[in-house]
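If you want the building blocks of each chain, they are given just below.
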Amino acid sequence: MGSRASTLLRDEELEEIKKETGFSHSQITRLYSRFTSLDKGENGTLSREDFQRIPELAINPLGDRIINAFFPEGEDQVNFRGFMRTLAHFRPIEDNEKSKDVNGPEPLNSRSNKLHFAFRLYDLDKDDKISRDELLQVLRMMVGVNISDEQLGSIADRTIQEADQDGDSAISFTEFVKMDNH
Amino acid sequence: MGIRGFVPFCPWNWCLLLATLQCCGASSELNRSTDSSARRELNVRYAAASSQPAETISVFTLDYDYVQIPYEVTLWILLASLAKIGFHLNRRLPGLMPESCLLILVGALVGAVIFGTDHKSPPVMDSSIYFLYLLPPIVLESGYFMPTRPFFENLGSILWWAGLGALLNAFGIGLSLYLICQVPAFGLGDINLLQNLLFGSLISAVDPVAVLAVFEEACVNEQLYMMIFGEALLNDGISVVLYNILIAFTKMHKFEDIEPVDILAGCARFVIVGCGGAFFGVIFGFISAFITRFTQNISAIEPLIVFMFSYLSYLVAETLYLSGILAITACAVTMKKYVEENVSQTSYTTIKYFMKMLSSVSETLIFIFMGVSTIGKNHEWNWAFICFTLVFCQIWRAISVFVLFYVSNQFRTFPFSIKDQCVIFYSGVRGAGSFSLAFLLPLSLFPRKKLFVTATLVVIYFTVFIQGITVGPLVRYLDVRKTNKKESINEELHTRLMDHLKAGIEDVCGQWSHYQVRDKFKKFDHKYLRKILIRKNLPKSSLVSLYKKLEMKQAIEMVESGVLSSTAFSTPRRVQKTQETKRLSPEDVESMRDILTRNMYQVRQRTLSYNKYNLQPQTSEKQAKEILIRRRNTFRESVKKGHSLPWGKPAGTKNIRYLSFPYSKPLPAGRDMKVAEFTDHDGSDSELPPITFNTHSPTGTIQERRWTPEVIPMKRLHGAGTPLHFGYRRNAGREEHLGRGGRAILRPKPLFHAVDEEFESEEESKEETPAFGSLLSSELRPGGDCNVSHSPLLQRK
Numbered sequence: 001m002g003s004r005a006s007t008l009l010r011d012e013e014l015e016e017i018k019k020e021t022g023f024s025h026s027q028i029t030r031l032y033s034r035f036t037s038l039d040k041g042e043n044g045t046l047s048r049e050d051f052q053r054i055p056e057l058a059i060n061p062l063g064d065r066i067i068n069a070f071f072p073e074g075e076d077q078v079n080f081r082g083f084m085r086t087l088a089h090f091r092p093i094e095d096n097e098k099s100k101d102v103n104g105p106e107p108l109n110s111r112s113n114k115l116h117f118a119f120r121l122y123d124l125d126k127d128d129k130i131s132r133d134e135l136l137q138v139l140r141m142m143v144g145v146n147i148s149d150e151q152l153g154s155i156a157d158r159t160i161q162e163a164d165q166d167g168d169s170a171i172s173f174t175e176f177v178k179m180d181n182h
Numbered sequence: 001m002g003i004r005g006f007v008p009f010c011p012w013n014w015c016l017l018l019a020t021l022q023c024c025g026a027s028s029e030l031n032r033s034t035d036s037s038a039r040r041e042l043n044v045r046y047a048a049a050s051s052q053p054a055e056t057i058s059v060f061t062l063d064y065d066y067v068q069i070p071y072e073v074t075l076w077i078l079l080a081s082l083a084k085i086g087f088h089l090n091r092r093l094p095g096l097m098p099e100s101c102l103l104i105l106v107g108a109l110v111g112a113v114i115f116g117t118d119h120k121s122p123p124v125m126d127s128s129i130y131f132l133y134l135l136p137p138i139v140l141e142s143g144y145f146m147p148t149r150p151f152f153e154n155l156g157s158i159l160w161w162a163g164l165g166a167l168l169n170a171f172g173i174g175l176s177l178y179l180i181c182q183v184p185a186f187g188l189g190d191i192n193l194l195q196n197l198l199f200g201s202l203i204s205a206v207d208p209v210a211v212l213a214v215f216e217e218a219c220v221n222e223q224l225y226m227m228i229f230g231e232a233l234l235n236d237g238i239s240v241v242l243y244n245i246l247i248a249f250t251k252m253h254k255f256e257d258i259e260p261v262d263i264l265a266g267c268a269r270f271v272i273v274g275c276g277g278a279f280f281g282v283i284f285g286f287i288s289a290f291i292t293r294f295t296q297n298i299s300a301i302e303p304l305i306v307f308m309f310s311y312l313s314y315l316v317a318e319t320l321y322l323s324g325i326l327a328i329t330a331c332a333v334t335m336k337k338y339v340e341e342n343v344s345q346t347s348y349t350t351i352k353y354f355m356k357m358l359s360s361v362s363e364t365l366i367f368i369f370m371g372v373s374t375i376g377k378n379h380e381w382n383w384a385f386i387c388f389t390l391v392f393c394q395i396w397r398a399i400s401v402f403v404l405f406y407v408s409n410q411f412r413t414f415p416f417s418i419k420d421q422c423v424i425f426y427s428g429v430r431g432a433g434s435f436s437l438a439f440l441l442p443l444s445l446f447p448r449k450k451l452f453v454t455a456t457l458v459v460i461y462f463t464v465f466i467q468g469i470t471v472g473p474l475v476r477y478l479d480v481r482k483t484n485k486k487e488s489i490n491e492e493l494h495t496r497l498m499d500h501l502k503a504g505i506e507d508v509c510g511q512w513s514h515y516q517v518r519d520k521f522k523k524f525d526h527k528y529l530r531k532i533l534i535r536k537n538l539p540k541s542s543l544v545s546l547y548k549k550l551e552m553k554q555a556i557e558m559v560e561s562g563v564l565s566s567t568a569f570s571t572p573r574r575v576q577k578t579q580e581t582k583r584l585s586p587e588d589v590e591s592m593r594d595i596l597t598r599n600m601y602q603v604r605q606r607t608l609s610y611n612k613y614n615l616q617p618q619t620s621e622k623q624a625k626e627i628l629i630r631r632r633n634t635f636r637e638s639v640k641k642g643h644s645l646p647w648g649k650p651a652g653t654k655n656i657r658y659l660s661f662p663y664s665k666p667l668p669a670g671r672d673m674k675v676a677e678f679t680d681h682d683g684s685d686s687e688l689p690p691i692t693f694n695t696h697s698p699t700g701t702i703q704e705r706r707w708t709p710e711v712i713p714m715k716r717l718h719g720a721g722t723p724l725h726f727g728y729r730r731n732a733g734r735e736e737h738l739g740r741g742g743r744a745i746l747r748p749k750p751l752f753h754a755v756d757e758e759f760e761s762e763e764e765s766k767e768e769t770p771a772f773g774s775l776l777s778s779e780l781r782p783g784g785d786c787n788v789s790h791s792p793l794l795q796r797k
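Taken in order, these protein sequences are the chains called V and S.
With UniProt numbering, letter number 160 in the first sequence gets 160, and the count goes up by one each step, no holes.
With UniProt numbering, letter number 219 in the second sequence gets 219, and the count goes up by one each step, no holes.
Everything labelled a hint here was simulated from the structure, so no lab data went into it.
Keep in mind it's a predicted model, so treat the numbers as computed, not measured.
From the three backbone atoms N, C-alpha and C, an ideal C-beta is built for every residue, glycine too.
Fair warning: there could be bad hints in the mix.
Claimed, not checked - Now the in silico label distances, taken between C-beta atoms and shown as ranges:
{"hint": "1", "chain 1": "S", "residue 1": "Ile-399", "chain 2": "V", "residue 2": "Gly-82", "range": "48 to 54 Å"}
{"hint": "2", "chain 1": "V", "residue 1": "His-116", "chain 2": "S", "residue 2": "Phe-521", "range": "36 to 42 Å"}
{"hint": "3", "chain 1": "S", "residue 1": "Ile-399", "chain 2": "V", "residue 2": "His-25", "range": "38 to 44 Å"}
{"hint": "4", "chain 1": "V", "residue 1": "His-25", "chain 2": "S", "residue 2": "Met-252", "range": "47 to 53 Å"}
{"hint": "5", "chain 1": "S", "residue 1": "Leu-478", "chain 2": "V", "residue 2": "Asp-166", "range": "41 to 47 Å"}
{"hint": "6", "chain 1": "S", "residue 1": "Ala-300", "chain 2": "V", "residue 2": "Arg-10", "range": "57 to 63 Å"}
{"hint": "7", "chain 1": "V", "residue 1": "Glu-12", "chain 2": "S", "residue 2": "Leu-164", "range": "31 to 37 Å"}
{"hint": "8", "chain 1": "S", "residue 1": "Asn-192", "chain 2": "V", "residue 2": "His-25", "range": "42 to 48 Å"}
{"hint": "9", "chain 1": "V", "residue 1": "Ser-148", "chain 2": "S", "residue 2": "Phe-521", "range": "26 to 32 Å"}
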């Protein structure tokens, strides 16, 4: 199966993906076989149902949002390039990359891109701010049923209070980054 | 003049049950002597004075001899159970020491009593009883509860470690002790090499699973877990095989002139015995899986089939002088996957609990017997032998751990750290296995048997108590994280979010392991094995029945309250827009942090928690249920509002995997229906958004509300005579076709779904079955669940 997968993935495509994402050859091949095994429709793209078929994602509190993060805006299908691009955010930063190419485009798995990714999980309406409501929704997803809404509300308030610096009762990306730096 | 022994005995019976063992032991002893003498008296009387019927037929008699063995065995087991109850009532104790400690103590207590009252203990432990009755349940239980997927992924490492480790330990300890025996000062000169080797083999049988509960709280990664598990599993088998081979050698009386051909024959025999046993186990596993396919009408015998076939595999292997232990293990591992899908829910639970119970009883008996023989006169104490045994056990275990893992780390994707290796080394706790083998040494071949038994006992006591109690703190010490740093609420939330995110992405990427082999096996399995071994109509799975119950409860509540649960989501939006942020006191913040910490969902753990002595429902199961329910609620709520999901995607895409049906009959091409299914208890149908369209005439039945728990067979509800096949048919081309608004959402009754899915879900390919099954642990039935949880969307095969 491995060899079959790599023949389907053309070498130049592999090279492009490698350059764009920084994964190694074997990693890309392996992820391609994963992609094809998820792709039940065998049409070279994944839809949301394919992701939902992964059982562990079903019981991940953020499962839906993670799935959604794979799909570009307004689309229902993601092809292998898009798949790899999203996964590339999570590739661990290797030491030999740190000193490379300061002038080129920022690698996909840079810290700032990772944070952007996480920020997008919170920020659903994509206004670059995490409002209290959005925070509340995330909190609700991550917390058990034992916490009442009022408690959750005050936790959300407190969270915003801690992070908010420009007083707009919402967390912007810069504030988010600062929060993560502690 | 009749015997009135019964009356005084009665209160003593109660005292016994209240765990005053002394009274019981003494009284039973007394009663026995009283009784036998009384009976003799009665007989004499009866013979002498048969002409006086009124006085010679006694109203109450006592016949202790008749029940002695089962009676005492039962008492022992009850006593151990009472002790376990006490042990678990204390919250902290189970985390401090392994349960083996407790059992040994109870055994020692019983032994003390029996010794004190000079009572002859029942012959619980002799060779045939041990090997035929006591050992199989223990091995069966560990084989059955072993998580198969991680086991097979790490099979190479496990075989390498368990197999070679056992051999290395056995021969190492044996040889070193032989060298010690050569020293004349210790007086051990008469123990020859073979006997030492034999002793080495039986003392190297570890029982590390017993300590798993102790360091469960510390983060033990899955690989380590599997190593320990795998070792425990194969260890018994290997040491028994080795033991038997060496006994055979000893019997041949060829100690001094063992030729190389003998050694080669021994090795070959070792391999044949091991593999042959496993082979037979697999065969029997398949046979029993096949048979359970047909037992749907007589589900009461399903546990019987499981147990009898496993036991049969053991016996057959033993007949052929193959390793029964490995046979029964292989049988359990093979059988488990298919049997779990075939048997009914109650049978499944019965099997699990019964297995735990049997193995628990066996182990209890062995430990008690160990305690009994501790306190007795059958000891021979030799300082040198015993001390060196202890020392060598530790040294050789350390050597084997570090050397073998060093080698295997070169080949593994996830090497084991030194910390992991230390944990493995330290968890080398001996258990009942070693003691049994020592006890069963034939005295004729081993004149110094008592020495061996004493040494074994010392090693067991030492490792169980000292190592067992300190392994927990050690692991926690080694696993020190930066725990004491106070995090703000933000950080905590954010860290947890990132953990969930990472776990989710890992899951998307799948397992980084021998993917191809596993994939191939799964394909083969699905194509051939499952068709043969798994029955067509699956019984209800626990997740489904749970959903039914929860659904109904929710629905009833909603009807009663008249308010949808979804309003909770909308309130924050309206209410607190302009509320100013209050200044919170530190205590409030603290309490908030505590609440958050305690209540946030755990990140998905790959490590399964296993308890040797108990079956506990997993907390992650509860968490999973909550998450699933919430997701459905969110979806339902958003659909109800007539708009798409929060993130702007059409509602139809977010599908309910766990209750959608496979699609076995293609709908007429003209109607591209993508029917999403839900089990949905809405307050009233009138709120259903008009997006629902359904070409099937049975739509009308949806309007009926049924709150009864009866399951209505789908067939009857649809006049067409075909079973309802609402399926979520995913077809990439059509998806674009329908566009956003076109997603059809059908909300039939949940009750229907629960039934039908079992019929149909089998048809579809469920490649992820084992993964999901293992994930949700043994508590949730993997079989039905998997079928349920994956949207069996595709028509394709």
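So, going through the hints one by one against the coordinates:
As the Cβ distance of S/Ile-399 to V/Gly-82 is approximately 52 Å, the hint placing it in 48 to 54 Å holds. Distance hint check: the CB atoms of V/His-116 and S/Phe-521 are about 40 Å apart, consistent with the given range 36 to 42 Å. The beta-carbon spacing between S/Ile-399 and V/His-25, approximately 39 Å, falls within the hinted interval of 38 to 44 Å. A hinted range of 47 to 53 Å is violated for the C-beta pair V/His-25 and S/Met-252, which are about 58 Å apart.
Evaluation of the 41 to 47 Å hint for S/Leu-478 and V/Asp-166 yields a pass: the beta carbon distance comes to about 45 Å. At about 59 Å, the CB distance of S/Ala-300 to V/Arg-10 agrees with the hint of 57 to 63 Å. Range check, V/Glu-12 to S/Leu-164: Cβ separation about 46 Å, and the 31 to 37 Å hint is violated. Between S/Asn-192 and V/His-25 the CB atoms are about 59 Å apart, so this pair departs from the stated range of 42 to 48 Å.
The beta-carbon spacing between V/Ser-148 and S/Phe-521, approximately 48 Å, falls outside the hinted interval of 26 to 32 Å.
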